[in-house]
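Since chain A is already given, all that's left is putting chains B, C and D on it; use the hints.
Protein chains: 4
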Amino acid sequence: MAGLGVGLIGTGYMGKCHALAWNSVASVFGDVERPRLVALAEIDADLAARKAAELGFATSTGNWRDLIADPAVDIISVTTPNAFHAEMAIAALEAGKHVWCEKPMAPLLADAERMQAAAKRSRKLAAMGYNYIQNPMIRHIKALIAEGAIGTVNHVRVEMDEDFMADPNALFYWKSEAASGYGALDDFAVHPLSLLFMLFGHVDAVIADMVKPYSERPLAGGGSRGVENHDVASVLMRLQGGVSAVLMANRSAWGRKGRIALQIFGSEGSILFDQERMNEFELYQNKDGKAEQGFRRVLAAPEHAPYNRFIPAPGHGLGFNDLKIIECRELISAIKGEKAHLIGFDDGLRIERSVHAMARSFAERRWVSVET
Amino acid sequence: MAGLGVGLIGTGYMGKCHALAWNSVASVFGDVERPRLVALAEIDADLAARKAAELGFATSTGNWRDLIADPAVDIISVTTPNAFHAEMAIAALEAGKHVWCEKPMAPLLADAERMQAAAKRSRKLAAMGYNYIQNPMIRHIKALIAEGAIGTVNHVRVEMDEDFMADPNALFYWKSEAASGYGALDDFAVHPLSLLFMLFGHVDAVIADMVKPYSERPLAGGGSRGVENHDVASVLMRLQGGVSAVLMANRSAWGRKGRIALQIFGSEGSILFDQERMNEFELYQNKDGKAEQGFRRVLAAPEHAPYNRFIPAPGHGLGFNDLKIIECRELISAIKGEKAHLIGFDDGLRIERSVHAMARSFAERRWVSVET
Amino acid sequence: MAGLGVGLIGTGYMGKCHALAWNSVASVFGDVERPRLVALAEIDADLAARKAAELGFATSTGNWRDLIADPAVDIISVTTPNAFHAEMAIAALEAGKHVWCEKPMAPLLADAERMQAAAKRSRKLAAMGYNYIQNPMIRHIKALIAEGAIGTVNHVRVEMDEDFMADPNALFYWKSEAASGYGALDDFAVHPLSLLFMLFGHVDAVIADMVKPYSERPLAGGGSRGVENHDVASVLMRLQGGVSAVLMANRSAWGRKGRIALQIFGSEGSILFDQERMNEFELYQNKDGKAEQGFRRVLAAPEHAPYNRFIPAPGHGLGFNDLKIIECRELISAIKGEKAHLIGFDDGLRIERSVHAMARSFAERRWVSVET
Amino acid sequence: MAGLGVGLIGTGYMGKCHALAWNSVASVFGDVERPRLVALAEIDADLAARKAAELGFATSTGNWRDLIADPAVDIISVTTPNAFHAEMAIAALEAGKHVWCEKPMAPLLADAERMQAAAKRSRKLAAMGYNYIQNPMIRHIKALIAEGAIGTVNHVRVEMDEDFMADPNALFYWKSEAASGYGALDDFAVHPLSLLFMLFGHVDAVIADMVKPYSERPLAGGGSRGVENHDVASVLMRLQGGVSAVLMANRSAWGRKGRIALQIFGSEGSILFDQERMNEFELYQNKDGKAEQGFRRVLAAPEHAPYNRFIPAPGHGLGFNDLKIIECRELISAIKGEKAHLIGFDDGLRIERSVHAMARSFAERRWVSVET
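Protein chains in written order, with the numbering used here: chain A, 1 to 372; chain B, 1 to 372; chain C, 1 to 372; chain D, 1 to 372.
With the rest of the complex left out, here is chain A (with noise of 0.2 angstroms):
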């Protein structure tokens, strides 16, 4: 068969990850066939075009239902403002196309449940783009927890933090407004949430608590708005089968710029890992000579699959971006038919239930179930 037809609707910085990741997937694994990168939409038709010659897409419009329209385009990237996704995703199913879409669903739980309702009625494939739990290091680690390594996990901590919020100077804008959403939570609480989802399985309850490092932030024209939503989360989680777990979320964290930190305690170990140092993790075991026991670290080598389609020799990194190039390749498994590594509209809705669960249990000062 000929390789998938692609069509690209955004261009912002997960639009350029997805359009990097389909331009190399066929080459870094070489066992695919080649996509073709059919057809792009911005809002406008002139950015539609520019960015077209420079990501390589044939053709370029300023109408995204263009694509939806398209008969040579097999798969949608929805890289658009949260917002925006659930339109669209809908419209790609509904007219036969699989789905590839950024985190999150949609701000509204309602939203992201039609969206899994239509999935459901498509039978077409809808994937969430949870690019961390690509990490060869995270595919190992499960491995390593499923094989017994550090013997049956009791406890997890995971924190993501980044500081893109930490200043209390900087301009209001919209990412504090009550309408994108309850701030840390969605904003990137669901990047830990699905590495629980992994390694874990689902999250049963939760009592959450979250601050705003800042009240008001300023305007441009002078004055100040006051914040509407928070920076900070922290939550206490009951996972499926009694695991229990902190999650612990902060943009206004100073110093910190892409950190997701999980830390795993087994009966018989424990693992560490961080994303800032993406291409190693930390493994404990207690069946190591007493004197000489410690946290090993283990750099991301040829052994954990699939670093070796990248680089043949050991300790020589990944990026970001190949995550997203891993991802693509799971994503032509799954439409294969093949068993695959992803995070599907589904379980993506979980996800999206148990944020929803966390804002309640903040709001209501109580321990809060979350639907199944």
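Keep in mind that a hint or two might mislead.
For identical chains, the list gives no copy identity; a pair is met inside one copy or between any two copies.
[Claimed, not checked] Pairs of lysine-lysine, DSS-like flavour, derived with a Cα cap of 25 angstroms:
no. : residue 1 : residue 2
1   : 142       : 336
2   : 212       : 142
3   : 120       : 339
4   : 287       : 339
5   : 175       : 290
6   : 142       : 339
7   : 120       : 212
8   : 287       : 212
9   : 290       : 124
10  : 175       : 287
11  : 336       : 175
12  : 142       : 287
13  : 120       : 336
14  : 175       : 212
15  : 339       : 124
16  : 287       : 124
Because the hints were derived from the structure by calculation, they are not lab data.
Below, chains B, C and D without anything else, positioned relative to chain A:
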């Protein structure tokens, strides 16, 4: 005046640590009278005699009340198991002795309250052995926060983890009995609480979750016994002044040996510290140039008093036992009526109230305010 | 103008790396014509055809000279074993093609000299594949040194260590033959030399010591064969301008996977870097406050161009293959006649002269000046 | 028998360190007679009296020969500037006292030789103060190597760096005079040499390079003075048994405070250590599973004797001064005729011979064998 006359009750882990501190404080600091190591009490006279010889005490006894009665004794170090603290500390205070009592005050809140009342009546020094607050790194962090080096603090995380309860095959012993306390919470979460108090003030409200990694533990003679308290505790907190904090304690954390990790986030920077690397801390300041911002690893140096009393060169490192020597020096200051960096029975009681509030919040699955 | 027509010879580790770079450079940078992947040559036509399909080349051949003759080809990537570089690069240059040749130039100095002469005659671009110099961290370190961030540099140490020759039980193979070169010195010490050159200029004088960790290695059929070159090399050096340097290379260093560690000492600060953690460097400046001085761990960020072309957010990390994309972009600049950050055959030859001087200094047990 | 009678000459950095050790050794170890702190000598009687009071010595004197003559003194701690070591140590040995002398023996080789001869004649203990060899981490590394944990060692690197001479604006003082010695080489390179000796035996042959980061330094009254020795030294070495080693010393290394970094490469693994984090070492063993191989960070623990004498729990950390207490305990063992982990005047002399050989190799720009 001649040096303080010292009586020591108990010669375990902390008893020896007190003895070493009393023995070295004058030589290290060079500005106080040499304490007189007058008398040592242990559970029986033989052990007491042997330990007195080892640790350099002039006399010994199998009856701790002999120390209370000894006019040559000015201060009593109480380092026995927690259940004995109240009786000994109160007797000493009532006999007009100063008291240096290991943490926590007592398993029962009522006992802690009686201790605090006795201290108040006695007008003698009644200080807790919260040695981690004495680390020059912690003292410097306190000074940095006070002078605004990281702006206004808005969020704090603290973890205290060790692995002495991590082995599921280890035999049941008293630390798993309900009579010994709540488990991780009072067994060592009081240490991070002492740090939070010193840096930010007291705890206002809490909600805790706790888990038992192992519901049963083997018995020596075969069979097993149910574990009665919790080795893992996680707590959401609000501190005085509104700072939000997360406290995590795990005494079953394989690979952690003496971790007390602080993450302090402010409006202009962040500070990190981990007691496992007690001679360094990390400082991030947003005033550094954009392309050269990063966490600065600062090594302990003579500029961080009283490190300079131990070593005149930077980066050579203090040890755990040195913290007790510093604490001992603070004690002597306090007895002289000088300002000292110590936690007395008043603040100690408040710390214990917050522990009991945590336990209650877990039992009742709700936020609990800490009684003042 | 249309994009460059690319011919690729060789599809091993570096061949694939070149292919990925040619494939992605336009999409990543968005400011260059998309290269045309014209033709690929491999050792036989079948392999060539398969690899062309995988890597996205339009045509393929079992005879590399076909690429030289192809008018649609503007530039040749030479990624074959070192012994073939001279013949291919010279043929390409003489046919009026630009050349991008993997390091080192050639095992024999005379061949490297012929390559440099051919480049000079051709007036075409002749660039070496020294990808580590392209790391945005290295490029920023160069800028920091130039602007005096650490004052005058007076001493440098660089280590390059991997463990692919560390196993004494691994079978003898060609890397242990004298015909393959000196061992650690030319096998990879040229990489740290490329960094030293970019940061400080060329090497003036050297004295080296070399050792064989294992004097013999087993043969497949039984018995063993004497090792003919040295897996460990250590070199004292003086650089242009009098800076003293130590170069250490060990390809039998268990646990090291891609370590290229720099320590740069100046009159006002120091800089540290390690390629195993390629997305960070450490900076110490004596202008920081006395009690807060420390090495600052700086994470790669958009401020460190051209990181921003890959990712708009800090701390997310580039990978090893991304360095080749940057190198490819520099190549395109150089071909356009713009200033580029590259090592051409002139400087490449000088690097190889310093390697041969090291080998001679070891053989003659004396300091040797590097021929200019 | 009663405890040793101690005389201390000098009360600077190391003098105080000896005093603290003598004062604590019995309490820490609990298995030796408590030393009697008999007499202290300083440059004048007033200072001596004041220091004796501070450090707990019974008597004091402004004339060090009084200590030599005092029958109550069994052992003399010599902690004066290096130029005085020979006279004092020889007088003490000839008077039948044991001697504990700070490193190095003496600036002039002839003096060191006289010291060694005096020690030999006296049949008393004559031990050097090489405290870093006492670190339980170093002692455990020695044991690991001996038991083959990393196979046969083939290559070693050691760095010793501090920054007390790093400031070019600091005034000229005696450490930059030729009379004080070679600079970095004897000022502190003897410390890493003591570690190499303990772990691998003596040095056979050397070639050194040395540099002056600053050729002149300012004088207090204005103007400047030429620097007469070298703050940076780098040495290629061959050790007993053929192991190759690189020794690097830099006392102008901004940001380094007490770095003594070891990298030990063997046929089955590697070991790393850095004195700046003196309570840990790293171990890599190729016998670990391929996908989980990594450097294991091992924290100091009771399993690493005699850490257990200080603290019964792992990971709590010893300090620099604790190393001297361990050294003191070894001394007492040696005096009792038991096997001890110490460097006596014989091996101390051999270390100093290797330093002088390094200086000569630099002057003559050639490899020099160390006299045995």
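Verification of the supplied hints:
Within a single copy, residue 142 and residue 336 get their C-alpha atoms as close as 24 angstroms, which meets the 25 angstroms cut-off; across copies the closest is 48 angstroms, which misses it. In this homomeric assembly, residue 212 and residue 142 come within 25 angstroms of each other (Cα to Cα) only across copies, at 23 angstroms, whereas the closest approach inside a single copy is 34 angstroms. Taking the shortest alpha-carbon separations for residue 120 and residue 339, only the intra-copy value of 18 angstroms comes in at or below 25 angstroms, while the best inter-copy value is 55 angstroms. For the identical chains of this complex, residue 287 and residue 339 are neighbours neither inside a copy (33 angstroms) nor across copies (33 angstroms), given an alpha-carbon limit of 25 angstroms.
For a Cα distance limit of 25 angstroms, the shortest separation of residue 175 from residue 290 across copies, 22 angstroms, qualifies, whereas the shortest one inside one copy, 50 angstroms, does not. For a Cα distance limit of 25 angstroms, the shortest separation of residue 142 from residue 339 inside one copy, 16 angstroms, qualifies, whereas the shortest one across copies, 47 angstroms, does not. Within a single copy, residue 120 and residue 212 get their C-alpha atoms no closer than 38 angstroms, and across copies no closer than 40 angstroms, so neither meets the 25 angstroms cut-off. For the homomeric pair residue 287 and residue 212, the shortest alpha-carbon distance between copies (22 angstroms) is at most 25 angstroms, but the shortest distance inside one copy (45 angstroms) is not.
In this assembly of identical chains, the alpha carbons of residue 290 and residue 124 never lie at most 25 angstroms apart, being 53 angstroms within a copy and 39 angstroms across copies at closest. For the homomeric pair residue 175 and residue 287, the shortest alpha-carbon distance between copies (24 angstroms) is at most 25 angstroms, but the shortest distance inside one copy (48 angstroms) is not. Taking CA atoms no more than 25 angstroms apart as the test, residue 336 paired with residue 175 passes in neither setting, with 38 angstroms inside one copy and 42 angstroms between copies. In this assembly of identical chains, the alpha carbons of residue 142 and residue 287 lie at most 25 angstroms apart whether taken from the same copy (19 angstroms) or from different copies (23 angstroms).
In this assembly of identical chains, residue 120 and residue 336 lie within 25 angstroms of each other by CA distance solely inside one copy; the values are 17 angstroms within and 53 angstroms between copies. When the C-alpha separation of residue 175 and residue 212 is checked against a cutoff of 25 angstroms, the pair qualifies only within one copy, where the shortest distance is 13 angstroms, while the shortest distance between copies is 40 angstroms. For a Cα distance limit of 25 angstroms, the shortest separation of residue 339 from residue 124 inside one copy, 15 angstroms, qualifies, whereas the shortest one across copies, 50 angstroms, does not. In this assembly of identical chains, residue 287 and residue 124 lie within 25 angstroms of each other by CA distance neither inside one copy nor across copies; the values are 46 angstroms within and 47 angstroms between.
Checked against the numbered hints above, the structure breaks hints 4, 7, 9, 11 and 16 and satisfies the rest.
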